[in-house]
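If you read the sequences in order, they're chains A and B. My numbering numbers the first residue of the first sequence as 1 and each following residue consecutively. My numbering numbers the first residue of the second sequence as 1 and each following residue consecutively.
Rather than coming from a laboratory, the hints here were simulated on the basis of the structure. Be aware that one or more of the hints could be misleading.
Claimed, not checked - Derived SDA-like pairs (lysine to any residue); straight-line CA-CA distance at most 25 Å:
(1) Lys408/B to Pro463/B
(2) Lys279/B to His25/A
(3) Lys138/A to Ala173/A
(4) Lys228/A to Asp334/B
(5) Lys138/A to Gly102/A
(6) Lys356/B to Ile448/B
(7) Lys302/B to Arg89/A
(8) Lys346/B to Arg206/A
(9) Lys452/B to Ile222/A
(10) Lys114/A to Gly274/B
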Amino acid sequence: MSNDYLLDKHILLVDDEQELLDMVHSILDEYGFHHINTAKSIEEAIVQAKKSPPELAILDVMLSDGSGFDLMEQLKMNGDYPILFLTARGEDDDKFRGFGLGADDYIVKPFLPKELVFRVMAILRRSYKGDNPLVQLKYSQIDFSRAEVIKNNEHIPLTAKEHDLLSALYRNAGRIVTIDALCEAAWGNNPFGYENSLMAHIRRIREKIEKNPSQPISLVTIKGLGYKLNVEGK
Amino acid sequence: MKSVPKLIRRFVGILLLSSILIVIINVIAFVALMASKIPDENTSPYSIAKETGTALKATDSGNYMLSEDISARLAENDIWAILIEDDSRKVVWKTENVPATIPNDYTLSDIANLSVGYLDSYPTYTGKHENGIVVLGFPQKSFWKHIQPSWDYSLIADLPKTVLTVLFINVALILAIYVIANIKLLKSIKPITKGIQDLSAGACVHVSEKGLLSEISANINCTSDILQKQQEQLRKKETARANWIAGVSHDIRTPLSMVMGYAEQLENSPNLSGTERQKAFVIVKQSKRMKNLISNLNLASKLEYDMQPLVKKQENAVAIVRQVVVDFMNMDIDDRFPMKWNTDEKLTVCNISVDKNLLKRAISNLIQNSISHNENGCTIYVSVVADNNKCIICVEDNGIGASDEQIKKLNHAPHYMVCDTNTTEQRHGLGLLIVKQIVNGHGGTVTIDHSKYGGFKVALMIPQ
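Excised from the complex, chain A in its bound form (with noise of 0.2 Å):
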């Protein structure tokens, strides 16, 4: 599935300091990002979240008028669209006190224009689904809406543990998923004891999904660690 269509989104960036500002612009435009807002105060950022909506906010938690924090209870107040921090601060509260809020994800200074480019990408991909509902593996196709793989012209319906499994592998698509995260996933806090049901739970998948389920090539296993969805297209 491509991501062009996420390059469209609307993007408000605030930050006190013009050359950060530019600097962030010019990373974002470089990967194809063409519609982005800029602000330097709370005060220009809601005037700027007014006059054209944006489909993602990234705040600077220091401005020259009040904290990052204020003015991202105020942007949610107006609209409902995902908030990424830049913070100079590493300080654990912050970081809690932001995603406390709805903060959707942070990134302290200094970072990798590449980082950057990742968590936008990372957060617009789990915040907006696109038109295109189907995800493109390798021998067939994922349907989050319907829960349901498409495999040679074939609807498999998925459990609704098979579906919390995978979608928590395609937010981190082509990353790895530790085998903790994803029994929590499905089965919530304290996933103790849950290995060997996840174990049989991918086996399932596989074979929803894979050409060969012995030889997956789109849900793999790292060993000890986790698992890997590769996404075609990406």
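With chain A fixed as given, assemble chain B onto it according to the hints.
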């Protein structure tokens, strides 16, 4: 304070013991004195009177005759004697030294009186005689006689009880006097002992400067003020230092973002030549080093000055380590640093009480160390072992490793940041220092060694 009641008990004990001792000594002295003054059998007036009665013999001529030795004894002691006849109650014999004031006729009541008391102020004693009664008159003021030696019967019968009661009342009285006298002293000692105790605990102390020991109280207050001032200064200094480091590392982050951001864009720019892109690559690489340094510097100073409290919870160490390893694997795009998970597949849970974020940081630092010190790439082996109530986390590589001497230094020499002497050789990074600080904070140990894979090995032992 436990020693104050002990002190009081000891003082009261000494007091009671000394009172009892004094009473005993007095009784002994009294008895001895009495014993020395009580006349013995031979010299007692009663026996002399009795002997005189026996020794006075009637002669054939109707007169009386006293034996020589008794006569001499009476004369020697200035004792006079008379014999009063039974029937006539008249004096029928007398010694020569009988004073003139002594009458010659007696009534029965006179005799009854003189037998227990005095005759004309002479203490008198009587002896039995076949014809009457012998009366001996001792010199005036030689004896003191009880004329009416009669007491209520119960007084004598209850004497032991009475004596004990009196003794008990005396002791109680002495105790009461002592306690009252000491309450004031104790009142002023108590806040002082508490003050000294609090002082040793590092608390701020203010003792009331009144009472007997006001001078000591004032000194304690003064000491407390000095200690508090010093503590405050030390705390201020440490906070200032930690804040300074936090401030610097914070302020460097934004400019460094721009350096890193543009350098990476240049590195990937198709418009630049290969050498120019190589230069940009070096800038990115060195910026990453600076990034690691500032974040380590801040955490190391916070851990050193106890400004980073550990938030411990029961966590599964296997899951934490697994997550860190996976994060690195997900970042390592060009696969120059493959990672091997060497944990026994059966070990899925190893619960330890840890600060999850700090443990993650420690393991990240170890993996980052292997990456930083092996520019040409290496395989990194990570394992978790549960062993007898402890969890051993091991990170090793097959890279360039370190010499025996370097390993010895890393294990034993203090880092320059936490060393109060001037060391120039211990200039290695902060990564390992932070690992040690974090593991020590959890009561564990860090062991650095050669790896069996040929490179460097660090084992963290954390108690459960």
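Taking the hints in turn, this is what the structure says about them:
Distance restraint check for Lys408/B and Pro463/B: the Cα-Cα separation of roughly 24 Å lies within the 25 Å cut-off, and the hinted pair is therefore satisfied. Proximity of Lys279/B to His25/A is assessed by CA-CA distance (about 23 Å); at most 25 Å being required, the pair is judged to hold. The straight-line distance between the Cα atoms of Lys138/A and Ala173/A is roughly 13 Å, inside the 25 Å bound, and the hint therefore holds. In summary, the hint linking Lys228/A to Asp334/B is supported, as the alpha carbons are separated by about 17 Å, within the 25 Å threshold.
Using a Cα cut-off of 25 Å, the hinted pair Lys138/A and Gly102/A is violated, with the two alpha carbons roughly 35 Å apart. Pair hint Lys356/B plus Ile448/B holds up; C-alpha atoms about 22 Å apart against a cutoff of 25 Å. Between Lys302/B and Arg89/A, the direct Cα distance comes to roughly 14 Å. Compliance with the 25 Å bound is thereby established for this hinted pair. Taking the CA atoms of Lys346/B and Arg206/A, the gap is about 23 Å. The hint holds against a cut of 25 Å.
A threshold of 25 Å between alpha carbons decides the hint, and for Lys452/B with Ile222/A the separation of about 24 Å falls inside it, so the pair holds. At roughly 20 Å between alpha-carbon atoms, Lys114/A and Gly274/B fall within 25 Å of each other, so this suggested pair holds.
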